[in-house]
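S.K.: Taken in sequence, the protein lines are chains U, A and W.
Per full-length UniProt numbering, the first sequence starts with residue 1, numbered consecutively.
Per full-length UniProt numbering, the second sequence starts with residue 1, numbered consecutively.
Per full-length UniProt numbering, the third sequence starts with residue 1, numbered consecutively.
Don't read these hints as lab results, they were simulated from the structure.
Treat the hints with care, as some may be off.
Unchecked claim - Here are a few chain A residues that face chain U, going by a calculated C-beta distance under 7 Å: (1) Ala14; (2) Pro25; (3) Phe90; (4) Gln114; (5) Ala119; (6) Pro189; (7) Leu190; (8) Ala192.
Claimed, not checked - Facing chain A, from chain U, some residues (calculated, C-beta under 10 Å): (9) Pro36; (10) Gly97; (11) Ile116; (12) Leu164; (13) Pro167; (14) Val184; (15) Arg236; (16) Arg237; (17) Met244; (18) Ala274; (19) Gly277; (20) Met278.
What the hints assert, rightly or not - Here are the simulated distance ranges between beta carbons: (21) A/Phe74 / U/Leu286: 33 to 43 Å; (22) U/Pro15 / A/Phe74: 41 to 51 Å; (23) W/Ala184 / U/Pro193: 41 to 51 Å; (24) W/Ile201 / U/Phe106: 54 to 64 Å; (25) U/Leu286 / A/Pro165: 32 to 42 Å.
Nothing here was measured: the structure is a model prediction, and the numbers come from that model.
Note that the Cβ used here is the ideal one computed from N, Cα and C, for glycine as well.
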Amino acid sequence: MKRAQLARERLDGHPWTPYLFAAPVGIYLLLFQFYPLIQQFYMSFTATDLLTPTVNPFVGMENYSFLIEDGELWKVLSVTAIYTVACVVFAIGVGLGSALLLDSPFIGRSLARALITIPWAAPSVAVALIFTWIFNSQYGIFNRALTELGLQLGGENWLDNASLALPAILLTTVWQIFPFSSVVILAALQGVPQELKEAAVIDGADRLNIFKTATWPTIQPTVLMLTLFVTIWSLRRFDLIWLMTQGGPIGATNTMVIELYRQGFVYRDLGTAASIGMIGLSIALLVTVIYFKVTQMTEQAQGKR
Amino acid sequence: MRTSRQLEHMRVLAVLLMLGFAAFPIYWMFVTSMTPSSELFASSPRLLPAWSQLSIYAEIFNTIPVATWLKNSFLVAAGTTVLSILLAVFPAYALSRFRFAGLAVLGFALFATQMLPEAMLVVPLYSIFGDLNLLNTIPGLVLANTAFVVPVITWIIKGAIDSIPFEIEEAARVDGCSRLDIVLGIVIPLVAPTLAAAAVISFFHGWNEYVFAQTLVSSENLRTASVGLASFVGELSTPIHSVMAVGVIYTLPAIIFYLFAQRYVVAGMTAGSVKG
Amino acid sequence: MSAIEINNVSKKFGAKEVIRDINVSIDEGDFLVLLGPSGCGKSTLLRMLAGLESISSGEIVIGGKRVDQLPPGDRDIAFVFQSYALYPHLSVRRNMAFPLLMQEFRLWYHLPIIGAMAKRRIENSPRVVEKIAKMSKILGLTDMLDRFPRTLSGGQRQRVALGRAMVREPEVFLMDEPLSNLDAKLRTSMRSEISRLHKEIGGTFVYVTHDQVEAMTMGTKIALMRDGIIQQFGTARDIYTDPANTYVARFIGTPPMNLIMAKWDGARMMVGSLAIAANLSPTLAASDVLLGVRPNAITLATDLSNDSLNGEVVMVEHVGADSIIAVRLKDGRTAHNDDGDLDAVMVTVPGYCMLSMGQAVSITIDPHQMILFSAATGERIRRLT
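Bound conformation, chain U alone (with noise of 0.2 Å):
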């Protein structure tokens, strides 16, 4: 906290101008993001009609008990759970994969780095469209390559098959994601001390203690916050999944927000679907708390501050 104290110390102006600084994002983040949710969670105690969205008569907790009663959403939790974790793994995994990569220098690499970036810039509606297509059972370029291979997969209608089609969305993801952790994790490799890793080096060290004790302790603290990052957009990840699969088959890739979804929009139940909006966002505001109490746990291990 010495950065905060020397800032008050140092550029103490009039105390009303923070205030004035803040106060446009401040109002406009009241309007569009707030009081919307703030609308949402009255709405989840409500029973409101998407075709009489002004008609919400109060009923408590009736929609929190029907969708813990109906059994439907531990398939939606559990779901959302296998997605989120296995999008965390992934996309962090090949992403600190490709950033080792591109961290050794070789001929192209700043053109290799631009590249990898490629995926990231796609909009999520192309990307729906072209992997629906690469999946697409006939005629798709995967099945066909998997069927060159002797693969058994080969032929399968991955979206429509409920064991293949989160694996299917999953692969999706993680090519779309894995390019910011990549250099996000890049970024942080260059504030690896090059004399630590020498020093392992002159110790006798291989790659994988060097990685150990020179790189992985530089790097943890960001993989730690892109864990959080990865977490919490793919609890409110729609597009993609929406578009590909629409959470189908029979539930496979039903996540949290395309529940919520359909039950606003296909069964126009706004009420249920608000009280979804809200279990969600508890869980991401606990992922959150989990997060800083891991970092200060982490912190307070590393004898910091």
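Keeping the supplied structure of chain U fixed, place chains A and W upon it in accordance with the hints.
M.R.: The following block gives chains A and W in isolation, referenced to the frame of chain U:
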């Protein structure tokens, strides 16, 4: 023990595989768009584009309102960019330089927006925009997108401002600058590369956005490219190579523009996130 | 009229008092050096003069005007930072023109294009152009006016920072360790250059440093600070020859002043069993005293006698023109072995000294250059003259 030469070869192979993984789907979209209908469903796929099919890109502009879609997407993206940058600079400065009672609240509020799914806010936003007469308008989409972009780029710009030494601002104060003069005359020029990055990020968010464009706008001539393209998913009457051609036209500008801006985007993004 | 008056100024960071009730007043044309170790509050005091730091109590008057509530820009001061704090996005010329531009700045100049045109007009006005030409000539910057700070060397950046301060022609120049980022050789030449500028352009300078050589060579007045308190305020000569307490005595001079433990019994001053003429007031109660003497006010001899202090050589250092000899007294102790120094009296001898370790020597102290302090408080004890 492997030799360093073997290791070098493995590394080159790994990099090529990785780049192939990253670039293939986009390449495949392009190849598909350039494949004649007769070969689309042939027993062995065509792996290279048939350049004779280039006319498809002229054709789709006649058969599909692509021009209108792209224009709308551009307007939404440009509006989002301008509004987001205008809104983000001052709170970013406040987050970086001031310590005040509302600081934690502002920081948390900005972060919390990352947790809110668009799909959840669509319904209340629909009614708010209805009250404000913003439904079915481009400015309405700009406002909705900005609400999600501003928090991200505020953090990014804050990261860049953090790295400006205090002394430079103090020198400016001694030279007679007010706080406003400092932000406009010193800070903004110094974080210009990051502002460029933030602008690119805002632009892409607006260009790529789907949920709001789908729900808050209904009229045909205000459709954005994302909504237009999404209407093809799972639809069978439009030939697949035309659909892919539209996809390419929609995706390629984003990617090319991004490759040019890539250096700034990465620098700006990591300035904000890595130091965290 | 005094150029700067600091009256009862204090500063608290939370509960911690970093500046305690400071009173200083200097005249126009003075070169005041705030000297002290890091963390003594010297930079904070300077920043309070500039208005970069608020004051907790007291008042600051610059040029007859009370300024402690004014923003930095209205105090008629210029500030040279340790890190130079040049504007990286502006050329040298525009860095130097910046303070002049701000004097005529209007809010609408922030507008793109027309604002930029208005700024160009001021920057190209004869007043600004002439001033920059004059200052860059004085500082030898004429050839680099269109370069950017990142392309300049440390010394050149420092000149630009000085130039930016000088174009305003302020009442007071404030400088915060401006030479500490330069290498040793450049520091020496910039030191004389700043002294030259002070004489050439006049004005009052306040200069913060932890380097006693800078303080002694540049300052017309020195305020030696410690823990937020001014230990002594005076000319370089005062501080060197007439230190107010043991802290000041030990801070200035290389090697620092020797402090030899002695006893005052009401009539005589004893170092061990040797009586030394002290010339103290007979009313002074018997107490422990410290006998302060600079290393160059001691003579060494190899013949031992009973009316001098005897000891043995424990260290010999040849530093070129002089040699520094450490002598551990047989019958006496020094008061400065607590901070890690040798418990030995330091003596400087001109030329290359042929003494070797372990050799027995005697030392004689020049009584006119002997200074006494109370061992209990460290404060100076005046002798009768």
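S.K.: Using the beta carbons of W/Ala184 and U/Pro193, state whether their distance is inside 41 to 51 Å or not.
M.R.: 28 Å, violated
S.K.: Is the hint on U/Val184 kept, meaning its closest Cβ partner in chain A is under 10 Å away?
M.R.: Because about 6 Å separates U/Val184 from the closest Cβ in chain A, which is inside the 10 Å limit, the hint holds.
S.K.: Next item in the hint list is A/Ala119. Is there a CB on chain U closer than 7 Å to its CB?
M.R.: 5 Å, holds
S.K.: Between U/Pro15 and A/Phe74, does the beta-carbon spacing fit 41 to 51 Å?
M.R.: For A/Phe74 against U/Pro15, whose Cβ atoms are near 43 Å apart, the range 41 to 51 Å holds.
S.K.: For the hint on A/Ala192, does the least C-beta distance to chain U fall short of 7 Å?
M.R.: With a minimum Cβ separation of about 19 Å from chain U (threshold 7 Å), the hint on A/Ala192 is violated.
S.K.: Does the interface hint hold: is A/Phe90 within less than 7 Å of chain U, judged Cβ to Cβ?
M.R.: For A/Phe90, the interface hint holds, since the closest Cβ of chain U sits about 4 Å away, which is under 7 Å.
S.K.: Do the beta carbons of U/Leu286 and A/Pro165 sit within 32 to 42 Å of each other?
M.R.: 39 Å, holds
S.K.: Range hint 33 to 43 Å: satisfied by the CB atoms of A/Phe74 and U/Leu286?
M.R.: At 40 Å between Cβs, range holds.
S.K.: Taking the closest Cβ pair, is A/Gln114 under 7 Å from chain U?
M.R.: Holds, because the Cβ-Cβ distance from A/Gln114 to chain U comes to roughly 5 Å (cut-off 7 Å).
S.K.: Are W/Ile201 and U/Phe106 spaced within 54 to 64 Å by their CB atoms?
M.R.: For W/Ile201 and U/Phe106 the Cβ distance comes to about 57 Å; the hint holds.
S.K.: Can the hint on A/Ala14 be confirmed by a CB-to-CB distance to chain U that is less than 7 Å?
M.R.: Since chain U brings a Cβ to about 6 Å from A/Ala14, closer than 7 Å, the hint holds.
S.K.: Would the hint on A/Pro189 be counted as holding, given a Cβ-Cβ threshold of 7 Å to chain U?
M.R.: Status violated, d = 18 Å.
The structure does not agree with the numbered hints 6, 7, 8, 12, 13 and 23 stated previously, though it agrees with the rest.
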